[in-house]
Amino acid sequence: MSHRLPTPLPPFDRALLRAVVSVVPAGERAEWTRAWESELWHDHRRRGAKRGSLTAGVVCDTLWLRGDSWRRRFEGTAILCIGSLAGLCLLSAVVTFALTGSWTECANYLSTLFARFLIAAPLVVFVTTATTFRRPLETGVSSSPSSWFGRQLFFGFKLALILLLTFLLSANLCQPLATTFPNLADVLQLFSFVVLALLGLRWGFTDQEQRCKQCLRSLAAPCRVGRPSHNLLEWNGTELLCKQGHGLLSIPEIETSWHQSSEWIGQQPAWDEAASA
Amino acid sequence: MATRLSHSAALILKALSLGYCFGFDVMEVTGLPSGTVYPALRRLERDALVESKWEAEEEAAKHQRPARRYYEVTSEGKAAALAATERYPLLAHLAPERNA
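Top to bottom, those sequences are chains A and B.
The first sequence begins at 14 in our numbering and counts up one residue at a time.
The second sequence begins at 431 in our numbering and counts up one residue at a time.
Among these hints, one or two may not hold up.
Claimed, not checked - One-sided and incomplete, this derived list gives chain A residues near chain B with beta-carbon spacing under 10 Å:
{"#": "1", "residue": "L18"}
{"#": "2", "residue": "W54"}
{"#": "3", "residue": "H55"}
{"#": "4", "residue": "D56"}
{"#": "5", "residue": "S66"}
{"#": "6", "residue": "G70"}
{"#": "7", "residue": "V72"}
{"#": "8", "residue": "C73"}
{"#": "9", "residue": "D74"}
{"#": "10", "residue": "L76"}
{"#": "11", "residue": "L78"}
{"#": "12", "residue": "D81"}
Everything labelled a hint here was simulated from the structure, so no lab data went into it.
Predicted model only: the values in this text are computed from it and were never measured.
All C-beta atoms, glycine included, are put in the ideal place defined by N, C-alpha and C.
Working from the sequences, and respecting the hints, build out all of it.
If you want it as structure tokens, here you go:
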């Protein structure tokens, strides 16, 4: 790209660009290099020997592009959801370790609580499943067995991680009381686990409902459709879109005899072919 | 509805709307460092408040310099700049408008 420059850039600027260009997403490298070569050339001409005024700009711009590329790639994905929950579990385990002081103490403390967790967790899952309001879902296009399996696998992982996270959080909350008031700490731990798990699992159910049935990304752009004052006359509710264009989820505001369930309107395969043509 | 901007983003948008359309012109007129200005320009472009274009190669070649990337405020950006000036009244005294 340097051939476009009337005079070459100073060695420091060339080295700087070479050092950070690999951080820029591949598709944007040519444009980025051209833009920064030009900026640095003009800056050098204007300021003469005083260099380095744009160094922070080059580095921050590069990092911003990389961060934005990751954001676009992973925002709302199932991987990000599972990764975040697993990261929080890991962080909670580190906090437990820090509170107890050693791995042996940590393992002993958690193992005493774990038996209760194994009994309480299925009960909490049962109560949440029985009490969480979930609309039945109609799918316009029948989904493939693999996508159904993927959805269930993701849902199972997510619920398991939520339970583990809430268990660790409740253990951490009550650990300071465990040595002085062991009975009170046990009761509080169980109580806080149940409350946190109920809230977490409810979030898990809602999050699952509002994900694309194909790619499992969070649905976006919620849009109110219809008039609430016409509840008994016509449909009204909220529609959410998959940013990848896989379909649209239509959630009615209230259940009526003619529209009781949410509806997933998948994009017909013919549209995929038309879009790729 | 106009986008709510941070103070530095509002400052940069105001400078652009006054005709300071290159990255380091914006740095000079706002006094902000390059590490703030360039990422902010990217964010403003992502939010469709500004758009970037390249100078014509012929024009740059005539002056024996490489073409520069410049920024223009979009209609949404103008509305956001107006709202930002109401929110941060001192922005109105930032700098004189630059003649094209």
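Cross-check of the supplied hints:
| no. | hint | result |
| --- | --- | --- |
| 1 | L18 | 5 Å, holds |
| 2 | W54 | 6 Å, holds |
| 3 | H55 | 6 Å, holds |
| 4 | D56 | 6 Å, holds |
| 5 | S66 | 6 Å, holds |
| 6 | G70 | 3 Å, holds |
| 7 | V72 | 7 Å, holds |
| 8 | C73 | 4 Å, holds |
| 9 | D74 | 4 Å, holds |
| 10 | L76 | 8 Å, holds |
| 11 | L78 | 7 Å, holds |
| 12 | D81 | 7 Å, holds |
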